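**Student:** My request is simple: use the sequences and hints to build the entire structure.
Each protein sequence line maps, in turn, to chains A and B.
Under my numbering, read the first sequence as residues 1 to 116, first letter to last.
Under my numbering, read the second sequence as residues 1001 to 1114, first letter to last.
Source of the hints: derived by calculation from the structure; they are not laboratory data.
Everything numeric in this text was worked out from a predicted model, so none of it was measured.
From the three backbone atoms N, C-alpha and C, an ideal C-beta is built for every residue, glycine too.
One or more of the hints may lead you astray.
Below, simulated DSS-like cross-link-like pairs (lysine-lysine); rule was C-alpha separation at most 27 Å, straight line [unchecked claim]:
id, chain 1, residue 1, chain 2, residue 2
1, B, K1106, A, K11
2, A, K11, A, K57
3, A, K71, A, K57
4, B, K1057, B, K1076
5, B, K1106, B, K1057
6, B, K1057, A, K57
Negatives, chain A to chain B, calculated, CB over 12 Å [said to hold, decoys possible]:
id, residue
7, S62
8, K71
9, V115
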Amino acid sequence: DTGVSQDPRHKITKRGQNVTFRCDPISEHNRLYWYRQTLGQGPEFLTYFQNEAQLEKSRLLSDRFSAERPKGSFSTLEIQRTEQGDSAMYLCASSFDRQVYTGELFFGEGSRLTVL
Amino acid sequence: GQNIDQPTEMTATEGAIVQINCTYQTSGFNGLFWYQQHAGEAPTFLSYNVLDGLEEKGRFSSFLSRSKGYSYLLLKELQMKDSASYLCAVRGTYSGAGSYQLTFGKGTKLSVIP
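**Tutor:** Following this line, the structure appears as structure tokens:
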């Protein structure tokens, strides 16, 4: 299977700790997105990369959140000094240029974060 | 800003037809999209509409009226496997800030019963 993969799938941490999630997009996809989803809600946009450039960041992305895509391939999302409100599913998605028009995003299975 | 409304839950019978409505208010508009999400799984893309009218794709069809800020997803010949959440999403602009992000509604949880 060559879909979008995310690691870890589940993370339980204590408040105040740092966590990092990794996303490996579909290999030929140059666009990568991070979304956050809580129970009963739709995904909320966090940030977007085109190749290695971070082109958009949501206001939701506080200074405790940082995302990178150093070589335009995999991406990491780090949350520093986690808070209980950070508990959510963190979804990564990727797409190729021609899919920008159609809005077709390929989502990974997500990384579920629980902050105690 | 953008605001998207869709019913929270719906129930329909296997073999029937169901219509899931979505209304939206956006500061700009460049596309409406439907995604399916089974419980505990990732969303998967179903359809998109940029112009007014009906787009058909097998058992699924999606309709858009830009003047009314309204869309619906029509599912025909319902199957048990169609039980899932259906997410309506809007893209506000096509260039500049916000052009790459989709704003999702809360989703409609559809239960298909025998």
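**Student:** So, for every hint listed, does it hold in this structure?
**Tutor:** Each hint, compared with the structure:
| no. | hint | result |
| --- | --- | --- |
| 1 | B/K1106 <-> A/K11 | holds (24 Å) |
| 2 | A/K11 <-> A/K57 | holds (24 Å) |
| 3 | A/K71 <-> A/K57 | holds (19 Å) |
| 4 | B/K1057 <-> B/K1076 | holds (11 Å) |
| 5 | B/K1106 <-> B/K1057 | holds (23 Å) |
| 6 | B/K1057 <-> A/K57 | violated (33 Å) |
| 7 | S62 | holds (17 Å) |
| 8 | K71 | holds (20 Å) |
| 9 | V115 | holds (20 Å) |
Consistency note: the structure conflicts with earlier hint 6 alone.
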